[in-house]
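There are 2 protein chains.
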Amino acid sequence: MSELSPALRERIENTLRCLAVDAVEAATCGHPGAPMGLARPVFELWDRWLRFDPTDPAWPLRDRFVLSAGHASLLLYSLLHLFGFDLPMREIERFRQLGSKTPGHPEYGHTPGVEVTTGPLGQGFANGVGMALAARMARARFARDGAGPGHHHVYAVVSDGDVMEGISHEAASLAGHLGLGNLIYLYDDNQVTIDGPTRLSFSEDVPKRFEAYRWHVERVDGEDLDGLRRALDAARAQTERPSLLVLRTLIGRGSPNKAGTSKVHGERLGPDEARATKENLGWPQEPRFLVPDDVRAYVAERGRAKREERERDEATLACWRAAHPDLAREWDAARARRVPADLTEKLVQGLEGREDATRKHSGSVLQRLAPVVPWLVGGSADLAGSNNTTLEGGGFVGPGAAPGADPFAGRNVHFGVREHGMAGIANGIALDGTFLPYVGTFLVFADYMRPSIRLAALMGVRSVFVFTHDSIFTGEDGPTHQPIEQLDALRVIPGLTVFRPADAVETAMAWAWALREARGPVAFVLTRQKVPAFKREAPFAPADVWRGAYAVREPATSPDVVLLATGSEVPLAVQAGDLLRERGVAARVVSCPSVELWLAQPAPVRRALVPEEGPSVVAVEAGRGETLRRLAGSRGLVYGIDRFGASAPLPDLAEAFGFTPQALAARVLAHLGR
Amino acid sequence: MSELSPALRERIENTLRCLAVDAVEAATCGHPGAPMGLARPVFELWDRWLRFDPTDPAWPLRDRFVLSAGHASLLLYSLLHLFGFDLPMREIERFRQLGSKTPGHPEYGHTPGVEVTTGPLGQGFANGVGMALAARMARARFARDGAGPGHHHVYAVVSDGDVMEGISHEAASLAGHLGLGNLIYLYDDNQVTIDGPTRLSFSEDVPKRFEAYRWHVERVDGEDLDGLRRALDAARAQTERPSLLVLRTLIGRGSPNKAGTSKVHGERLGPDEARATKENLGWPQEPRFLVPDDVRAYVAERGRAKREERERDEATLACWRAAHPDLAREWDAARARRVPADLTEKLVQGLEGREDATRKHSGSVLQRLAPVVPWLVGGSADLAGSNNTTLEGGGFVGPGAAPGADPFAGRNVHFGVREHGMAGIANGIALDGTFLPYVGTFLVFADYMRPSIRLAALMGVRSVFVFTHDSIFTGEDGPTHQPIEQLDALRVIPGLTVFRPADAVETAMAWAWALREARGPVAFVLTRQKVPAFKREAPFAPADVWRGAYAVREPATSPDVVLLATGSEVPLAVQAGDLLRERGVAARVVSCPSVELWLAQPAPVRRALVPEEGPSVVAVEAGRGETLRRLAGSRGLVYGIDRFGASAPLPDLAEAFGFTPQALAARVLAHLGR
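Chains as they are written, first to last, in our numbering: chain A, 1 to 674; chain B, 1 to 674.
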């Protein structure tokens with residue numbers, strides 16, 4: 001690779017800066033400062049180091065580039081455009097417009113070459129850790145003798161905001177613990193945040209903090225090319241420590257009056273300063289969105305060269321395929337998310353009538369999944385035993401690995417008490433595309449993970465969230481640990497599918513759905529306590545679970561009431577239904593393992609089971625139950641809990657909160673006016 | 001203070017250990033390990049250093065003790081009992097039972113002497129930072145010449161889990177930045193978590209990390225009394241740095257077969273090991289819950305001595321009161337949360353018909369509040385300008401303070417990009433009892449703060465959460481920054497009151513409610529964009545806002561439809577109502593600034609405005625709107641958004657998502673079948 005002339009390099013950097021200026025001016029809003037300050041180091045990274053194929057953004061062996069500082073989106077868009085990704089200049093001209101490929105913050109699945117949706121700070125930081133972990137796990141599982149997948153690097157640009165956010169602490173601590181040498185982060189130390197100079201709120205010693213996490217840390221001047229190259233070389237030489245390059249940069253570099261200030265962070269320069277900036281950079285005022293010919297030619301050529309490099313890599317990969325056909329097949333199957341045709345049958349076999357906590361059913365299903373879905377990996381935030389998330393015999397990643405084993409050959413990850421980091425890392429693993437991750441904690445701590453769950457839903461990545469201890473029946477740990485509002489809070493996230501299964505069959509079908517059917521994230525909501533077995537007396541096939549709701553008891557006569565329940569409240573509703581029958585009230589009992597799937601059913605199907613008119617509907621859930629109102633209707637009743645719980649043994653809680661068959665039956669009778 | 005004999009000290013510590021063993025055995029569940037491992041250092045802290053009055057747990061000058069590791073609750077309960085707080089032994093015997101004062105995790109407001117509800121890890125860590133900040137701000141504001149309030153210390157016991165959680169990073173970084181020398185944390189470095197040895201998931205260098213935050217750090221053996229005293233002395237000598245004492249302890253100390261293992265963390269010892277433990281400690285097997293007479297006598301005497309110390313402190317305080325009557329009055333008024341009788345009138349005066357973004361209305365109200373409610377303090381997570389949260393002329397806390405000023409004399413805090421830490425710190429400020437805190441960020445980032453918002457609600461503390469940029473009309477920043485589900489997710493938290501005001505008057509009344517009426521946390525949900533002014537044509541008094549909903553337009557004839565809207569959708573509904581009138585449809589338009597307050601109204605009041613039968617109700621909100629279904633009823637319609645937003649200018653978004661008067665009116669007509 002020939003050395004770029006300083007003059008051409010400067011023109012390239014100024015192209016990137018002025019594209020940011022022009023696009024923000026055209027949109028009249030945006031974040032020009034970071035792209036202007038980062039033009040040199042990030043272009044250098046893309047030009048010289050980053051491995052990708054602009055014609056195939058999904059090439060599995062590519063290096064990953066995560067723009068955790070998502071507000072710097074224009075820098076990414078301009079690089080994608082110049083290097084030859086399918087992102088025409090007209091899209092950059094339409095920055096932040098409806099339907100353009102260039103939204104305010106980068107969106108995965110929306111723009112070719114965007115690896116991950118970023119903007120909410122800290123998320124990209126954790127996603128990158130997940131991608132790096134997935135790469136190391138893929139290498140351990142599939143690569144042999146230095147050949148095969150998982151040898152790429154994960155780079156990210158992270159900002160002050162990213163390193164201030166708690167999730168970056170959690171993810172960085174785990175990355176250091178696991179020794180992810182394939183992770184290289186460029187920290188944009190521009191000393192400015194939205195409120196003003198960083199020193200107003202931030203004076204920690206970031207390099208020292210990351211050294212404490214066992215990262216390799218170097219300080220570099222973002223404009224010092226030689227220093228940057230040395231630092232990148234040194235970072236790439238690290239195999240057992242992630243690297244943080246602390247880049248001193250000047251936000252808004254090139255703007256004569258606003259560079260180095262918070263004014264240039266999230267506001268347009270304005271016509272005068274835009275003009276002054278171009279003048280200052282020796283850049284023509286017109287045309288806007290200018291890419292000089294030599295700039296275009298050089299960068300496009302580099303894009304082609306990278307594509308050729310990729311072809312050489314494919315040749316090496318072909319040798320690996322030839323030498324290790326089994327591994328190659330397994331790798332392909334993982335990336336294609338292939339499951340056995342009879343997966344569902346295998347999972348549900350013999351489960352009918354088993355009595356246990358649904359978290360334990362989930363744990364049993366996992367053991368059935370382990371051998372047949374080898375690309376399933378997972379872990380828990382220090383609650384593996386309680387969440388029943390360990391794949392037995394799957395081995396542990398990191399210091400929990402068996403002596404002598406590759407520390408990344410395992411399938412179980414100890415995430416530590418780091419729920420938010422865990423969720424962000426899970427999204428990164430899912431985005432990598434080799435493994436499907438599931439991660440567990442108590443349902444009440446879903447709150448800690450919520451920003452990452454939202455992003456999984458927004459991106460449509462298939463992270464699986466396993467939440468146990470799902471109601472007041474968590475018991476003696478008390479209201480701090482008893483979810484009330486969490487189920488509703490999850491159900492209102494667009495694109496997230498929530499299952500609250502009632503028994504082993506429903507739990508198995510929920511897992512089968514996540515593995516076979518899901519096109520986005522899935523959450524399982526599982527009990528701590530044993531759930532009484534109930535007998536399905538209405539006609540039933542396991543696939544009914546995927547409809548979201550179905551009858552478990554159908555009265556001989558036309559029903560007077562429909563009791564619709566979820567999870568552990570299904571057997572309660574069955575028992576209450578029996579009591580009601582004794583009082584001459586005919587109850588249909590409906591299990592509703594997934595509100596989302598049920599609402600996706602055609603209206604006539606829904607009305608046939610849960611009538612809008614006629615018999616009253618009583619929706620039963622040991623939680624707030626607000627999202628069940630749509631099913632109950634205004635003539636119906638939501639039998640839930642609208643206050644916090646209490647620390648007590650389960651039978652006392654059932655009594656105090658009215659979750660006994662007698663209390664439920666009495667309330668139903670009152671509601672029906674009988 | 002005379003030196004305690006080693007033998008008696010050991011008996012006291014063993015009393016604490018065996019109370020934990022007995023209580024957990026009686027409950028058959030709980031966390032014995034931490035109380036057993038921490039008995040020595042924590043008793044030493046309480047005995048020798050902590051200042052409190054067991055007969056008056058709310059004494060404002062007391063030191064605060066935060067058990068961030070809330071699962072160690074028995075240690076706290078036993079200390080409270082022995083030192084003479086109103087917590088009889090029968091309550092410890094009823095550990096984790098329904099209605100006892102000794103729930104699984106400590107609960108504020110439930111048990112005398114419990115400063116804060118803890119258990120969800122990391123929260124207590126941040127709460128303590130808030131308490132320490134509040135103390136320093138009180139000292140700067142009220143104390144003179146070393147006398148007056150705010151000179152106490154805030155101590156906390158934090159665990160591995162606490163320091164792993166991201167919120168601890170955020171709070172620690174800010175505590176170091178602000179130089180909170182009155183903060184002393186004991187880190188229980190017991191090297192065990194639930195999953196096993198800490199090294200499975202955690203190998204960061206915690207002391208180095210906290211040094212990077214600019215904390216004073218010392219390592220101490222938890223059993224080494226002299227070392228502990230030296231370290232506590234050194235920590236108390238720090239005036240400009242918070243202190244972390246890294247205590248090497250043995251979890252489950254005393255248990256011969258389980259000490260030092262994860263088995264003793266969250267499970268009962270079991271009868272055999274409980275017996276072996278008592279034998280090992282030379283403790284009688286019976287009676288259970290034994291407190292030897294000399295132990296009881298010594299500790300009770302120490303409690304009395306502390307009460308006497310308090311009386312001496314009160315004498316000093318009386319001198320301060322005499323010397324500074326104005327400051328004393330202001331301090332008393334703050335702690336009594338006194339507001340001017342005419343506060344509400346002052347706030348709403350002249351606001352009718354003003355047109356602006358509701359976040360800007362909120363900013364204006366804040367300026368009116370600033371002089372009349374001096375105990376109001378606040379800040380933002382690096383979005384002060386966007387959240388309109390700065391009290392003009394109120395000065396800044398920390399390095400943003402005016403040169404020469406006491407850095408804690410200001411009222412505005414730069415929280416940095418630390419939403420979760422900010423919320424936890426706000427709760428700590430509220431718990432301190434002097435200042436009422438409000439904290440701001442974008443609504444979409446409410447997700448980052450959710451665990452702390454929940455705890456504010458569970459505790460009933462009056463933190464105020466200011467959320468701006470409340471819908472897709474955040475605009476070009478795109479779906480990552482556009483809330484869809486957040487409003488619903490907040491409304492389902494029991495005990496949280498959410499306001500989404502539609503104009504300046506509603507915004508002012510929301511603030512007035514938070515300051516005058518609230519008995520728990522309040523959230524304001526405010527627009528980024530300008531909201532068109534609308535004229536109230538129905539009879540209106542500002543106090544109607546506190547009913548939660550009221551008519552802004554009443555048709556001349558009986559209504560055919562009720563358009564119920566919140567926030568920025570109220571003027572939209574008004575305009576749609578006008579279009580409907582042209583089509584011969586009589587619409588009542590209802591503004592619903594607070595669903596919670598509305599649902600608290602008597603049913604007849606609610607039915608008079610929003611009928612359950614008769615005219616259809618259409619609830620309009622630029623969000624998921626799931627929690628409005630209860631108001632719309634099953635014959636009604638929720639006109640909301642059930643997918644993520646898009647990056648685009650506002651008019652385009654309004655068109656694309658159907659939030660124009662024309663689109664709304666058309667949908668209403670279709671719904672009515674006209």
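Hints are not guaranteed to be accurate.
Note: identical chains are not told apart, hence a pair may lie in one copy or across any two.
Claimed, not checked - Result set (DSS-like, lysine-lysine): computed pairs, CA atoms no more than 30 Å apart in a straight line: (1) Lys530 <-> Lys263; (2) Lys101 <-> Lys360; (3) Lys530 <-> Lys101; (4) Lys530 <-> Lys346; (5) Lys208 <-> Lys346; (6) Lys208 <-> Lys101; (7) Lys101 <-> Lys346; (8) Lys530 <-> Lys208; (9) Lys346 <-> Lys535; (10) Lys208 <-> Lys360; (11) Lys208 <-> Lys535; (12) Lys208 <-> Lys306; (13) Lys360 <-> Lys306.
To be clear, the hints were calculated from the coordinates, so they are not data collected in a lab.
Hints and how they fare:
1. Lys530 <-> Lys263: Between copies only: 22 Å across chains, 58 Å inside a chain, cut-off 30 Å.
2. Lys101 <-> Lys360: neither (45 Å within a copy, 32 Å between copies)
3. Lys530 <-> Lys101: The answer is between: 27 Å across copies meets 30 Å, while 50 Å in one copy does not.
4. Lys530 <-> Lys346: Result: close within a single copy only, 23 Å intra versus 57 Å inter.
5. Lys208 <-> Lys346: neither (52 Å within a copy, 51 Å between copies)
6. Lys208 <-> Lys101: neither (39 Å within a copy, 44 Å between copies)
7. Lys101 <-> Lys346: neither (43 Å within a copy, 49 Å between copies)
8. Lys530 <-> Lys208: neither (48 Å within a copy, 45 Å between copies)
9. Lys346 <-> Lys535: within (21 Å within a copy, 65 Å between copies)
10. Lys208 <-> Lys360: Neither: 43 Å inside a copy, 40 Å across copies.
11. Lys208 <-> Lys535: Close neither inside one copy (60 Å) nor across copies (58 Å); limit 30 Å.
12. Lys208 <-> Lys306: Answer is neither: 36 Å inside a copy and 42 Å across each miss the 30 Å cutoff.
13. Lys360 <-> Lys306: neither (49 Å within a copy, 50 Å between copies)
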